[in-house]
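Novice: Residue numbers (the numbering used here), protein chains in the order written: chain A, 106 to 261; chain B, -10 to 452.
Possibly wrong hints are sitting among the right ones.
To be verified - Ranges of calculated distance between the beta carbons of each label pair, as one might list FRET restraints:
#: 1; chain 1: A; residue 1: 108; chain 2: B; residue 2: 391; range: 26 to 34 Å
#: 2; chain 1: A; residue 1: 176; chain 2: B; residue 2: 211; range: 35 to 43 Å
#: 3; chain 1: B; residue 1: 117; chain 2: A; residue 2: 235; range: 19 to 27 Å
#: 4; chain 1: A; residue 1: 108; chain 2: B; residue 2: 117; range: 31 to 39 Å
#: 5; chain 1: B; residue 1: 39; chain 2: A; residue 2: 112; range: 45 to 53 Å
#: 6; chain 1: A; residue 1: 236; chain 2: B; residue 2: 142; range: 41 to 49 Å
#: 7; chain 1: B; residue 1: 58; chain 2: A; residue 2: 235; range: 33 to 41 Å
#: 8; chain 1: B; residue 1: 392; chain 2: A; residue 2: 195; range: 54 to 62 Å
#: 9; chain 1: B; residue 1: 58; chain 2: A; residue 2: 188; range: 30 to 38 Å
#: 10; chain 1: A; residue 1: 246; chain 2: B; residue 2: 158; range: 53 to 61 Å
#: 11; chain 1: A; residue 1: 236; chain 2: B; residue 2: 207; range: 25 to 33 Å
#: 12; chain 1: A; residue 1: 176; chain 2: B; residue 2: 247; range: 34 to 42 Å
#: 13; chain 1: A; residue 1: 112; chain 2: B; residue 2: 92; range: 44 to 52 Å
It should be emphasised that the hints constitute simulated quantities derived from the structure, not laboratory data.
From the three backbone atoms N, C-alpha and C, an ideal C-beta is built for every residue, glycine too.
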Amino acid sequence: MSELTLFLIKISYLAILWIFVLSAISVVRSDMFGARMPATAREAAAPKSRRQPKQKARKGSPTHVLVVDGANKGERADLSQAPILIGRGADAAIRLDDDYVSTRHARIAASGDQWFVEDLGSTNGTYIGSARITQPTTLTLGTQVRIGKTLLELRK
Amino acid sequence: MAQQSGALMQFVHRRRRGAELFLLILALVVGVGAYAAVGLGVKGKVPADIVSYGGWLAVLVIAAHIAVRMVAPYADPVLLPIVAALNGLGLAVIHRIDLARGNQLARQQLVWMTIGVALFVGTLLILRDHRVLQRFTYTSGLAAIVLLLMPMAPGIGKTVNGARIWIHVGSMSFQPGEVAKVLLVVTFAGYLVLHRDALALAGRRVAMIDLPRGRDLGPILAMWVVSLGILVFQHDLGSSLLFFGLFLIMLYVATERAGWLVVGATLFVVGSYLTYVFIGHVRERFQLWSDVWAHYGPHTDDLGRQSVETMFGMAWGGLIGRGLGQGAPWRIPFAESDFIFGAIGEELGLTGSLAVILLYGLIVERALRAALISRDDIGKLLATGLGGTLALQVFVVIGGVTHLIPLTGLTTPFLSYGGSSLVANWVIVAILLRISDAARRPLPDLSLPDDADMDETQVVKLT
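My request is simple: use the sequences and hints to build the entire structure.
Specialist: Written out as structure tokens, the structure reads:
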């Protein structure tokens, strides 16, 4: 086998190796920028006629968050102002005077018809029942969310 | 079903299984192409068994791909192809050294790869949710220590090249430390998830560093000291370094306290000095590194042959290498296992070596990406830990081979000959894919169905 053939084999193998590396990188790149926004996807997927009835508040859907236990018992926030920030800070929609609550503790936000509670990296955590939540968690009517010594829930 | 949450998530990840298949085919070309190039370079013709060899490799890769498609459809598309390419390249280089030495190691490695892929598929099938690993925090810690102790047991343990890290049962030999590595990551992650707040916040502040309370750090520290002690006792330097670094990375990531890095660096310096003074094996390795030329050639102890031959090889390889099958990698002792990167440097040159290092970099990047987008703490810590293990291992071994740091015996992930390491690394990739699948999967739509069909019974698939 001639020198030249071997040289060509060598170069073409290195080329294959780098083509693989570069394609892998291009897949990584398209993975970063190429994902579609869920809002637009939702828009496109759901036909107008089916979306219409969803707009009006369904019977049984929550309208406000109520503090049911703790120092600020009775305080409420309307869900129409969502997302609702809960914490000790001045900008929170529900301000809690509770030493175990972080400045920006958690927030309640809507996604479609559902309500979610999401911990904002608080020190003492947000609990549903006895479980500390680690990801946005669905809330239904009457689910009790514990933040510090305070209990909150969605109400009609 | 797939369209979800506007406010809480920026975007929905696509499945990308097609991209994965495309990359896998390219990876096969890399693996089989290397095999063909080796045959052409050494014997002047394409090997006769290229079809059966390529076919078997393709079957393995396609089996892994189908498993991912079925049970982890949202998993990262880049990890599996990179691993397949590295494994294929490793097989070809081992085959190349076999041809020079008359061994049959590549055949055995292919068997190990088959076992590795089988375990990869098995892990994906059994481990449907990585969060269950948290239940095995202490079990896996205990299992890791038992595994690390196994080579010390008389009868099955055996000393190979100065390190007592092998067990032999019948004709099978295995390095339990490789499996212990994965188990320890699970232990550290499971423990730190529960105790990270206490570790980060409770305790005293001493000289810029928040020291945690003993009762929070104690159990995991004991666990770590025991495993490190065993390794140092077994003269397995590479793995000790790996576990040390792994523990620090995970502690740092879990507590977000940069002070740990300072503590770790100090401990590392003190520990290195102590091992240098008290363990002859370490001193020998260090002296070998600081003046390798005094240990090469006639009239010397010739201990530096490995390093010097590797450097000769890489220098001879230069920018584009000798070409597969045209170098002389058999001159390097252990060229098929610890020193495989030297053989690659010689035959594929700087161009090929950089491609390999870049591929490792991509694996680590994808692992950290999975950790970043993971929605639960255990997933974050597991992915960071597993990615960190691979990164450290690659650094220690390639640094050692290229003479940047003193030499420590570790396998190059996916490339080196060695069944235990290959199998363990395939399992690591399976766990990483499982975490990235969970992280990239859109949140399930739990909203109630419209009023009209409220009364009907429906089959709802949540995941």
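Novice: Could you see if the CB distance from residue 58 of chain B to residue 235 of chain A stays within 33 to 41 Å?
Specialist: Since residue 58 of chain B and residue 235 of chain A have Cβ atoms about 38 Å apart, the given range 33 to 41 Å holds.
Novice: How does the Cβ-Cβ distance of residue 39 of chain B and residue 112 of chain A compare with 45 to 53 Å: does it lie in that range?
Specialist: Violated: the Cβ-Cβ distance is about 21 Å, outside 45 to 53 Å.
Novice: State, for the Cβ atoms of residue 176 of chain A and residue 211 of chain B, whether the hinted interval 35 to 43 Å holds or is violated.
Specialist: Given a distance of about 41 Å, which is inside 35 to 43 Å, the answer is holds.
Novice: Can you tell me whether the CB distance of residue 58 of chain B to residue 188 of chain A sits inside 30 to 38 Å?
Specialist: Given a distance of about 36 Å, which is inside 30 to 38 Å, the answer is holds.
Novice: Mind checking the hinted window 41 to 49 Å against the Cβ distance between residue 236 of chain A and residue 142 of chain B?
Specialist: Given range 41 to 49 Å: holds, Cβ gap about 42 Å.
Novice: Between residue 108 of chain A and residue 391 of chain B, does the C-beta distance stay in 26 to 34 Å?
Specialist: Since residue 108 of chain A and residue 391 of chain B have Cβ atoms about 29 Å apart, the given range 26 to 34 Å holds.
Novice: Is the hinted range of 44 to 52 Å satisfied by the C-beta distance from residue 112 of chain A to residue 92 of chain B?
Specialist: Given range 44 to 52 Å: violated, Cβ gap about 28 Å.
Novice: Per the hint of 25 to 33 Å, is the separation of the Cβ atoms of residue 236 of chain A and residue 207 of chain B within bounds?
Specialist: holds, 26 Å
Novice: Starting from the hint 53 to 61 Å, judge whether the C-beta atoms of residue 246 of chain A and residue 158 of chain B obey it.
Specialist: Given range 53 to 61 Å: holds, Cβ gap about 60 Å.
Novice: Would you say the C-beta atoms of residue 108 of chain A and residue 117 of chain B sit inside 31 to 39 Å of each other?
Specialist: At roughly 55 Å between Cβ atoms, residue 117 of chain B and residue 108 of chain A fall outside 31 to 39 Å, so the hint is violated.
Novice: Take the C-beta atom of residue 392 of chain B and the C-beta atom of residue 195 of chain A, compute their distance, and say whether it sits inside 54 to 62 Å.
Specialist: holds, 59 Å
Novice: Between residue 117 of chain B and residue 235 of chain A, does the beta-carbon spacing fit 19 to 27 Å?
Specialist: holds, 24 Å
In summary, the structure is inconsistent with hints 4, 5, 13 from the numbered list given earlier, while agreeing with the others.
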